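Using the sequences provided together with the hints, build the complete structure.
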Amino acid sequence: MDQGIDLQQTFIQSLMDLGLPAGAAKTVWMPLPMLLMIIGATVGVLVSVWLERKISAAVQQRVGPEFIGPLGVLAPVADGLKLIFKEDTVPAKADPLLFTLGPVIVVIPVFLSYLIVPFGQNLIVTNVGMGVFVWIALSSVVPIGLLMSGYASNNKYALLGGLRAAAQSISYEIPLALAVMAIVLMSNSLSTIDIVNQQSGYGILGWNIWRQPIGFVIFWIAALAECERIPFDLPEAEEELVAGYQTEYSGMKFALFYLGSYVNLVLSALMVAVLYLGGWELPIPTALIANWLGVGETNAWLEIVGASLGITMTLLKAYFLVFTAILLRWTVPRVRIDQLLDLGWKFLLPISLVNLLVTAALKIAFPGAFGG
Amino acid sequence: MLKFLKQVGDYAKETVQAAKYIGQGLAVTFDHMRRRPVTVQYPYEKLIPSERFRGRIHFEFDKCISCEVCVRVCPINLPVVDWEFNPATKKKQLSHYSIDFGVCIFCGNCVEYCPTNCLSMTEEYELAVYDRHELNYDSVALGRLPYKVTDDPMVTALREFLYLPEGVMEPHNLPTNARRAGQRPEEILAQDLAQQVAQEEK
Amino acid sequence: MNLAEGVQIVSFGLLAAMMLGAALGVVLLSNVVYSAFLLAGAFISAAGLYLLLNADFVAMAQVLVYVGAVNVLIIFAIMLVNKREDFTPIPQAWIRKTATAVVCAGLFALLSTMVLATPWAISTDATVPSGSMVVIGKHFFTDFLLPFELASVLLLMALIGAIVLARREFLPDLEEADLQQTMLTLPERPRELTPAGSNPGSHSK
Chain W
1 MDQGIDLQQT FIQSLMDLGL PAGAAKTVWM PLPMLLMIIG ATVGVLVSVW
51 LERKISAAVQ QRVGPEFIGP LGVLAPVADG LKLIFKEDTV PAKADPLLFT
101 LGPVIVVIPV FLSYLIVPFG QNLIVTNVGM GVFVWIALSS VVPIGLLMSG
151 YASNNKYALL GGLRAAAQSI SYEIPLALAV MAIVLMSNSL STIDIVNQQS
201 GYGILGWNIW RQPIGFVIFW IAALAECERI PFDLPEAEEE LVAGYQTEYS
251 GMKFALFYLG SYVNLVLSAL MVAVLYLGGW ELPIPTALIA NWLGVGETNA
301 WLEIVGASLG ITMTLLKAYF LVFTAILLRW TVPRVRIDQL LDLGWKFLLP
351 ISLVNLLVTA ALKIAFPGAF GG
Chain U
1 MLKFLKQVGD YAKETVQAAK YIGQGLAVTF DHMRRRPVTV QYPYEKLIPS
51 ERFRGRIHFE FDKCISCEVC VRVCPINLPV VDWEFNPATK KKQLSHYSID
101 FGVCIFCGNC VEYCPTNCLS MTEEYELAVY DRHELNYDSV ALGRLPYKVT
151 DDPMVTALRE FLYLPEGVME PHNLPTNARR AGQRPEEILA QDLAQQVAQE
201 EK
Chain P
1 MNLAEGVQIV SFGLLAAMML GAALGVVLLS NVVYSAFLLA GAFISAAGLY
51 LLLNADFVAM AQVLVYVGAV NVLIIFAIML VNKREDFTPI PQAWIRKTAT
101 AVVCAGLFAL LSTMVLATPW AISTDATVPS GSMVVIGKHF FTDFLLPFEL
151 ASVLLLMALI GAIVLARREF LPDLEEADLQ QTMLTLPERP RELTPAGSNP
201 GSHSK
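Chains as they are written, first to last, in the working numbering: chain W, 1 to 372; chain U, 1 to 202; chain P, 1 to 205.
What the hints contain is simulated information worked out from the structure, not anything from laboratory work.
Every value quoted in this text rests on a predicted model; they were computed, and no experiment measured them.
Check before you lean on any hint, since a few could be wrong.
[To be verified] Derived pair list, reagent style DMTMM-like, types lysine to aspartate or glutamate, alpha-carbon separation capped at 25 Å:
no.	chain 1	residue 1	chain 2	residue 2
1	U	63	U	124
2	P	138	W	194
3	U	13	W	342
4	U	3	W	342
5	W	54	U	45
6	W	54	W	338
7	U	20	W	233
8	W	54	U	31
9	U	20	W	238
10	U	13	W	194
11	W	346	U	124
12	U	46	W	66
13	U	46	U	152
14	U	20	W	66
15	W	26	W	6
16	U	6	W	66
17	U	63	U	123
18	W	54	U	151
19	W	346	U	45
20	W	363	P	149
21	U	148	U	62
22	W	156	W	233
23	W	26	P	149
Now the structure itself:
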């Protein structure tokens with residue numbers, strides 16, 4: 001497997017050539033990818049908010065945002081600015097400490113999960129061995145923040161919304177984790193890099209979606225439920241609960257919830273792209289293209305082009321899934337709370353268990369095709 | 001054992017059916033994505049109100065005979081007619097007339113019953129104000145004529161769906177002389193007249 | 001001491017302080033909701049300590065299981081039954097408090113003597129051992145197979161017990177009056193209960 005470009009090595013090496021000690025050079029490097037990732041995630045949110053508004057408009061035969069910037073691309077920025085300048089109110093009998101802490105706890109794990117999203121062989125903040133497990137563990141912290149804000153708002157609707165959100169994310173975490181487990185079984189590693197590498201080599205035919213079609217569907221349904229998107233947006237069902245746990249929030253604290261939900265959506269889409277759609281891999285194997293062009297695989301230009309293509313591919317796949325999520329929003333009506341729990345516990349859970357068992361059996365039967 | 005298998009089979013069948021229906025729904029929404037927006041981009045575009053549009057009421061002060069029919073036919077007795085008997089002319093003399101459009105339901109009864117036709121409906125519908133009392137129009141305000149949408153250079157006037165040529169769904173970029181679908185009122189009248197003439201000749 | 005070691009010591013201090021503070025808060029605060037949320041803080045700091053010990057899998061499992069599942073369920077339960085009640089002072093509470101203090105101090109003394117008496121084999125190599133999860137898995141299925149299976153059987157029993165409790169049809173014979181306790185339960189429409197001894201076939205379709 002070729003290593004591709006390693007920005008970290010190059011950067012640290014060049015700093016050390018300038019005369020910095022190795023430790024200091026690494027310290028200078030470390031915050032850079034994190035900062036880049038936070039900015040990237042925020043820009044990703046702006047893009048997906050714009051897409052959400054534009055696609056929703058198109059589906060309903062409207063125009064959508066049009067005058068704020070070309071094609072209304074600055075509309076989400078304007079939204080954000082408005083939320084920043086808005087007065088930050090805390091209800092009179094609310095618990096101010098927990099009220100402030102709630103949205104923070106919701107947002108931080110979601111941003112932290114971007115640690116393990118790979119955009120290329122070395123284009124990842126940290127390639128930890130735990131990989132997807134980090135994401136699952138971190139996303140299980142979110143319900144605490146939701147419960148906290150629901151409780152601290154001192155509002156019946158907010159409390160009910162928070163309880164619903166917690167119940168929903170607990171019950172959908174299990175099928176999600178089981179679907180991931182089937183993938184992990186095939187790639188023998190939790191690391192996202194290894195999972196993508198295991199899918200590489202055969203282009204589009206090697207992607208996990210062909211080997212795990214049921215797992216893919218389970219994962220995407222559960223991910224939508226985790227993100228509280230329609231048809232699973234019960235915690236903020238406006239007809240029943242005003243806005244659920246967000247009812248009492250305004251200004252920057254509301255913006256954190258808003259940001260968190262969209263970051264989570266993009267993150268889930270990225271994870272689907274990594275786990276099932278071959279991550280940064282092109283539909284045609286890169287080695288094949290290199291052969292056609294008659295250049296060696298270690299050609300510097302090819303590597304730079306390949307890296308940028310890899311980032312583009314990952315984002316394209318992720319945004320295709322975001323698109324389907326938005327389309328689903330205008331297609332499917334909201335489920336009832338009992339239907340939601342039925343779907344989670346009586347449908348997704350058994351099916352994902354069966355999927356895991358079948359994957360294990362196939363792995364033993366055909367070690368070549370399902371990862372030895 | 002077989003019963004259990006049947007249950008599983010039924011369940012699987014229902015699942016497939018549900019997936020099929022969701023797929024159909026997605027196809028519908030996806031199909032709508034490529035259609036043109038049907039919305040009117042107000043305030044840059046406005047629809048031309050139809051002939052019988054019931055907008056803000058116009059009032060002609062000089063025609064009014066202060067008979068108060070409009071007050072009597074109004075569901076809520078809304079028009080305020082302030083008159084005084086003038087002994088010299090032995091006639092009622094109107095001093096003020098007002099209608100509060102914050103309360104009016106635009107039913108058009110007053111226009112219908114006015115014996116001197118001093119009340120009429122206009123095509124004005126943009127009645128947004130900062131204070132609801134500003135909607136209480138006095139006789140001067142009632143006497144103002146609204147701007148026509150077609151005369152406003154800032155606005156692209158769009159025809160309503162009913163006034164488009166046959167088969168055309170799109171009001172944009174329509175030639176100004178494009179004829180609406182069906183017959184115009186004067187044509188219907190002429191046709192009736194011709195029929196009558198033909199019958200009389202028989 | 002280089003930079004990495006300094007960062008390690010500082011984060012250890014921070015995590016330890018966080019852990020102690022959160023744990024004391026859990027015990028000492030009178031508001032049960034605060035205690036529950038602080039418990040999550042204590043769990044998370046424990047996960048951080050595991051991370052410092054290079055036990056990444058245990059740390060993540062700690063977050064997933066204790067914070068994500070156990071603590072959420074605790075908060076959930078508190079919020080479902082949360083009744084604002086004034087704390088009524090119990091007569092002769094000092095006996096309980098002293099007894100608790102004695103037990104806690106004894107436990108602390110016991111554990112600290114154990115910590116001090118154990119000859120710790122402190123590893124001196126600075127390299128990060130990779131694949132702790134693989135080693136754990138191997139241990140689970142070889143020399144620790146029996147405890148592992150026992151734990152899973154225990155969890156299965158708990159699972160089945162929870163299902164039995166949740167499905168009210170199989171409740172054992174209880175007096176109607178016993179179920180009428182209203183202190184910490186949500187008001188619920190009384191349901192007709194089928195005694196465990198009666199013929200269950202007549203109820204299944």
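Here is how each hint holds up against the structure:
Using a Cα cut-off of 25 Å, the hinted pair residue 63 of chain U and residue 124 of chain U holds, with the two alpha carbons roughly 21 Å apart. A C-alpha spacing of about 21 Å is found between residue 138 of chain P and residue 194 of chain W, which places the hinted pair at or below 25 Å, so the restraint holds. Between residue 13 of chain U and residue 342 of chain W the alpha-carbon distance is near 17 Å, which keeps this suggested pair within the 25 Å criterion. For the suggested pair residue 3 of chain U and residue 342 of chain W, the alpha carbons sit about 22 Å apart, so the restraint of at most 25 Å is met.
Between the alpha carbons of residue 54 of chain W and residue 45 of chain U the distance comes to roughly 20 Å, so the proposed pair stays at or under 25 Å and holds. Among the hinted pairs, residue 54 of chain W with residue 338 of chain W is inconsistent with the structure: their alpha-carbon atoms are about 32 Å apart, more than 25 Å. Annotation: proposed proximity of residue 20 of chain U to residue 233 of chain W holds, straight-line Cα distance about 22 Å (limit 25 Å). Proposed proximity of residue 54 of chain W and residue 31 of chain U is supported: the alpha carbons are some 15 Å apart, at most 25 Å.
Of the supplied pair hints, the one linking residue 20 of chain U and residue 238 of chain W is violated, its CA atoms being roughly 28 Å apart against a limit of 25 Å. Between residue 13 of chain U and residue 194 of chain W the alpha-carbon distance is near 37 Å, which puts this suggested pair outside the 25 Å criterion. A C-alpha spacing of about 59 Å is found between residue 346 of chain W and residue 124 of chain U, which places the hinted pair above 25 Å, so the restraint is violated. Our distance criterion of 25 Å between C-alpha atoms is met by residue 46 of chain U and residue 66 of chain W, whose separation comes to about 17 Å.
Proximity of residue 46 of chain U to residue 152 of chain U is assessed by CA-CA distance (about 10 Å); at most 25 Å being required, the pair is judged to hold. For the hint pairing residue 20 of chain U with residue 66 of chain W, the CA-to-CA distance comes to about 35 Å; that exceeds 25 Å, so the pair is violated. Simply put, residue 26 of chain W and residue 6 of chain W have alpha-carbon atoms about 14 Å apart, close enough for the 25 Å limit, and the pair holds. The hinted pair formed by residue 6 of chain U and residue 66 of chain W fails the criterion: a straight-line CA distance of about 55 Å is larger than 25 Å.
With a C-alpha separation of about 21 Å, the suggested pair residue 63 of chain U and residue 123 of chain U falls inside the 25 Å cut-off, and the hint holds. The straight-line distance between the Cα atoms of residue 54 of chain W and residue 151 of chain U is roughly 33 Å, outside the 25 Å bound, and the hint therefore fails. Proposed proximity of residue 346 of chain W and residue 45 of chain U is contradicted: the alpha carbons are some 53 Å apart, above 25 Å. A hinted pair counts as satisfied when its Cα atoms are at most 25 Å apart, and residue 363 of chain W with residue 149 of chain P qualifies at roughly 23 Å.
Annotation: proposed proximity of residue 148 of chain U to residue 62 of chain U holds, straight-line Cα distance about 24 Å (limit 25 Å). With a CA separation close to 18 Å, the supplied pair residue 156 of chain W and residue 233 of chain W stays within the 25 Å bound. Taken as a hint, the residue 26 of chain W and residue 149 of chain P pair is broken in the structure, with Cα atoms around 45 Å apart against an allowance of 25 Å.
Violated hints, in rising order: 6, 9, 10, 11, 14, 16, 18, 19, 23; the structure is consistent with all others.
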